[in-house]
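Student: The residues making up each chain are set out below.
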Amino acid sequence: MTEHAICVVVNGEQRRLRVEARRTLADVIREDCALTGTHLGCEHGVCGACTVIVDGEAVRSCLMFAVQADGADIVTVEGLGGPDGTLSSVQDAFREEHGLQCGFCTPGFVVTVTQLLRENPDPTDDEIREGISGNLCRCTGYQGIVRAVRRASEAPGPDRPDRPGPPGPEGTR
Amino acid sequence: MTATEHTAGRFVGQSIKRREDPRLLTGAGSYVDDVVLPGMLHASFVRSDLARARITRIDVEAARALPGVHAVLIAADLNPGAGSRQPSMFQGDAVPSPCAPVPLLADADVRFVGDPVAIVIAQSRYLAEDGCELVEVEYDELPPIIDAELAITETEHLVHPELGSNVAMSVPTPADPTLDEIFASAAHVVRETLVQHRHTNVPMETRGVVAGYEPASGELEVSLSTQNPHEARQVCSRLTGVPEHRVRVVGADVGGGFGQKFFLGRDEQIVVAAAVKIGRVLKWIEDRRENLIASNHARADRITVEMAVDAEGHLLAARLDHLEDCGAYPVGGTGGVGPFVAMLFPGPYRLGRLGFVSTAVWTNTCGRGAYRGPWMLETVAREEMLDLVARAIGMDPLELRRRNVIRADELPFTTAMGMELDHITPAETLEQAVEIIGYDAFRAEQRVAFEQRGTLLGIGIGLYVEPTSMGSGSLGVETATVRVQPSGTVTVMLGTGSHGQGVETTMAQVVAEHLGVAIDDVVVVQGDTASSPFGGGTGGSRTAVVAGGATREASIEVRHKAVEIAAHLLEAAPEDLEVEDGRVFVRGTPTRGVEMSEIARVAYNSPAELPEGVAPSLEATVSYQAPPITWSNACHACTVEVDPDTGLVKVLRYVVSEDCGVMINPMIVEGQIAGGVAQGIGGVLYEHLVYDEYGTPLTTTFLDYLVPTATEVPVIEYGHVETRSPTPGGHKGMGEGGAIGSPPAVFNAVADALALRGAKVTAQPLTPTRILDALDAT
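From first to last, the protein sequence lines are chains A and B.
According to the numbering used here, the stretch in the first sequence is residues 26 to 198, in order.
According to the numbering used here, the stretch in the second sequence is residues 20 to 797, in order.
None of these hints come from the bench; they were simulated from the model.
Computed from a predicted model, the values in this text were never measured in an experiment.
Any given hint might turn out to be false.
[As the list claims (entries may be wrong)] So the derived label-pair ranges between C-beta atoms look like this:
id: 1; chain 1: A; residue 1: S158; chain 2: B; residue 2: F109; range: 35 to 45 angstroms
id: 2; chain 1: B; residue 1: H264; chain 2: A; residue 2: E144; range: 47 to 57 angstroms
id: 3; chain 1: A; residue 1: D95; chain 2: B; residue 2: G87; range: 23 to 33 angstroms
[Claimed, not checked] Just a few of them, taken from the derived set where beta-carbon distance is under 10 angstroms, the chain B residues facing chain A:
id: 4; residue: D52
id: 5; residue: M436
id: 6; residue: E689
id: 7; residue: Q691
id: 8; residue: V726
[What the hints assert, rightly or not] Chain B side only, calculated, beta carbon under 7 angstroms to chain A, not exhaustive:
id: 9; residue: V221
id: 10; residue: A697
id: 11; residue: T718
id: 12; residue: T719
id: 13; residue: V732
Quick reminder that beta carbons are idealized off the backbone N, C-alpha and C, glycines included.
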């Protein structure tokens with residue numbers, strides 16, 4: 026099957042890849058980039074486990090072909106914390122509030138919430154629940170997740186890698 | 020003073036943050052689909068799209084010819100020589116009923132939509148699925164058995180013709196004149212048929228396996244999404260003939276299970292057998308459609324309950340008539356849950372006598388499997404029935420429960436089914452839950468809201484006792500190895516299979532508490548048969564009690580040895596020593612002490628310095644046998660508003676008051692409860708696995724099978740009553756309870772709201788359509 030050359034920036038690193046047209050962005054992130062934090066929970070765009078940030082928007086990488094991402098700037102869950110393993114304010118809030126159990130849906134939630142707080146740094150409770158309603162979690166009953174979003178929205182920003190203030194033109198830090 | 024008392028509560032009982040979290044939050048977890056091995060091939064299944072048919076021809080030539088396809092295997096290739104695949108606890112004479120012979124790949128017949136017919140193995144998942152498209156299967160279609168009621172009497176069309184009947188199990192009622200007499204003379208007899216519909220586990224990570232056999236070493240290595248690695252290892256060994264000591268099963272991070280990953284599934288077995296057959300590493304990751312149609316289904320029951328009540332509302336007796344739909348191939352011997360339902364039906368109440376009949380049937384549907392409280396129909400049926408009884412005799416359902424609930428001064432209490440209840444607090448949790456939710460105030464508000472605005476508010480209660488850590492066979496035992504390394508750090512090895520419960524954290528808390536070391540110096544290793552003692556896995560609400568008991572006892576044994584060595588080094592009496600933060604010191608003179616690292620150095624590297632008679636090394640392995648049942652209990656209470664125009668239900672408040680004994684980590688306890696509650700809310704209101712009359716599943720995506728989202732689950736409020744169990748740590752299991760108490764609480768709240776308008780519901784799910792139909796019928 027014909028392969029196409031694409032060039033993407035993933036977590037700040039430029040990658041030149043050759044991909045079949047039918048391969049999803051999720052599979053290319055997981056297999057070609059070896060970034061296995063992006064998970065596949067349904068492969069039909071409902072559960073949100075595969076959420077990544079593409080050019081400043083949270084997207085389901087299972088519903089996007091990799092060739093559609095040619096030229097894009099992509100941030101996955103691996104790109105949110107510090108390189109030394111420091112948790113981002115969102116990741117730290119999930120830990121503090123027990124916002125995860127099995128952890129499978131977690132990367133999708135963390136990415137979704139990171140982008141949600143960039144777009145709406147001070148959400149109401151209803152906006153929090155609405156903002157994460159496109160992601161499914163089967164373990165937590167969303168209790169700790171909702172609390173974590175609230176905590177992260179109240180966390181101080183400057184020293185946190187994922188709270189850079191207003192998004193830049195590409196929507197990434 | 021015992022070795023444990025003086026540090027009690029430093030770690031156990033604290034909401035310590037989970038050590039699993041950093042890796043899971045940063046994408047550094049290791050789930051089965053993250054396993055990539057050299058030369059690995061990928062598998063995909065060809066599945067039946069008919070519910071019942073005879074296979075007349077399979078043509079795999081086109082698929083085999085596709086570039087990139089390595090092999091296409093059908094039953095004739097894979098099934099011959101496969102060993103016994105029943106759960107290990109059912110080996111030998113202990114074959115469960117119901118038990119249908121299940122082929123690896125479907126051979127002559129397919130018996131449900133999703134039945135695996137062929138496995139295609141290729142260089143990539145994409146190519147394997149391409150190959151599946153090219154496999155041609157021809158069938159002679161047969162009339163399927165889909166309706167469990169019709170299955171009982173059907174004699175011509177059988178799911179398993181070789182078994183001679185669709186009835187998988189039948190428990191008849193023995194004649195009971197005393198029971199008949201109670202019913203004949205009771206002031207009230209209330210009878211209703213309740214239906215709990217088919218829904219299922221839905222872990223966010225589907226099932227998956229990577230299996231590879233290395234002929235040179237004779238070793239079979241299996242990475243698996245599993246709750247129970249040692250069980251999977253035994254089955255893999257029997258299945259393939261590879262001796263058990265040559266099989267290694269690793270379940271690293273596991274993305275949820277709720278019972279689905281406790282036994283090794285048929286599809287995973289096929290992949291393991293195929294990997295051995297082709298001599299290559301083989302990966303299969305189930306897709307969501309497969310998970311919804313072919314992993315396992317649960318909760319498909321109908322039960323008729325008849326209750327005899329005296330004039331004051333005392334429960335005199337009950338009769339149950341239960342019908343269970345097992346599907347075609349119940350998973351892991353699950354099925355035939357009726358006797359458990361009857362055994363537990365009296366729950367936390369003084370119910371005088373019980374009679375029951377139970378029937379389980381085969382149907383041409385996905386097999387029944389374990390789902391968080393597999394017997395929980397007993398709580399659903401009893402608690403929903405109590406509300407119906409209360410309504411029938413004109414008593415508030417809370418008052419009815421208060422009159423019948425077992426009180427502290429009646430313990431130990433032997434139920435009508437001979438179960439001895441003790442160390443439980445059903446009356447206390449009932450009162451705590453109704454106090455938190457403000458029961459009386461809500462009743463007043465409900466009345467005013469209805470009378471003034473026609474608003475339909477409702478309140479529901481679900482009260483239960485949970486038989487946790489049921490100690491039958493291997494499930495009653497766990498073994499822990501607690502090892503202090505030469506550096507003084509500690510590794511704990513357990514046969515558990517954590518899949519979200521935070522076992523790496525809770526068991527480290529137990530060790531830190533009882534060994535007397537810093538929790539950061541403890542690492543828990545589990546989920547790997549190569550590095551852990553034999554264990555029964557994580558499921559059945561058993562880890563805190565059974566693994567916790569073994570871990571505690573092993574920690575204490577190591578502590579005693581460390582104290583003995585320290586006493587010798589310090590020239591002090593062992594009884595004068597304390598252990599804290601990895602240091603053994605003389606009580607009252609903290610400067611006179613020795614670090615655990617120094618004790619370990621002596622134990623491993625300088626045996627000459629050891630006291631006489633003390634063996635080198637600093638570790639202990641202890642097996643703990645739990646009692647037959649460790650009871651926990653809880654009361655769920657919730658309020659809802661039903662929109663009479665749309666039929667939509669909004670859960671307003673949700674309260675759980677629970678008693679799981681000594682909590683190891685309250686944060687994790689509440690997290691477990693919350694997840695179960697969300698599953699109960701989903702089960703009652705949204706989740707439904709639907710088959711059409713031809714046996715075609717209609718709910719094959721998350722667009723059709725509705726898992727609740729953050730907008731459907733309210734804030735959950737908790738109350739805790741802590742009553743020690745008689746087990747070593749005083750813990751009780753609680754992993755399943757959230758999903759046991761919630762369905763009747765939600766159902767009763769909706770029924771309570773509908774009763775304002777004289778409407779009645781007796782079957783789930785409570786979809787808008789069902790609710791509007793009930794309101795229209797009044």
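Student: Please go over all the hints and tell whether each is borne out by the structure.
Tutor: Hints and how they fare:
A beta carbon spacing of about 42 angstroms between S158 (chain A) and F109 (chain B) agrees with the range 35 to 45 angstroms that was offered as a hint. For the pair H264 (chain B) and E144 (chain A), the supplied restraint of 47 to 57 angstroms holds, since their beta-carbon distance comes to about 56 angstroms. Distance hint for D95 (chain A) and G87 (chain B): a CB-CB separation of about 25 angstroms, consistent with the stated range 23 to 33 angstroms. Against a cut-off of 10 angstroms between C-beta atoms, the interface hint on D52 (chain B) holds, since the closest Cβ of chain A lies about 7 angstroms away.
Annotation: interface hint on M436 (chain B) violated; nearest CB of chain A at approximately 32 angstroms, more than 10 angstroms. Given the 10 angstroms rule on beta carbons, the hint for E689 (chain B) holds: about 8 angstroms separates it from the nearest Cβ of chain A. With 10 angstroms as the threshold, the beta carbon of Q691 (chain B) comes within range of chain A, its nearest partner Cβ sitting at about 8 angstroms, so the hint holds. Hint status for V726 (chain B) relative to chain A: holds, with the closest Cβ pair at about 5 angstroms, below 10 angstroms.
Given hint, V221 (chain B) at the interface with chain A, holds; its Cβ is 6 angstroms from that chain's nearest Cβ, closer than 7 angstroms. A least Cβ separation of about 3 angstroms between A697 (chain B) and chain A falls short of the 7 angstroms threshold, and the interface hint therefore holds. Interface hint status for T718 (chain B): violated, as the beta-carbon distance to the closest one in chain A is roughly 12 angstroms, over 7 angstroms. With a least beta-carbon distance of about 10 angstroms to chain A, the hint placing T719 (chain B) at the interface is violated under the 7 angstroms criterion.
Checking V732 (chain B) against chain A by beta carbon gives a least distance of about 5 angstroms; that is within 7 angstroms, so the hint holds.
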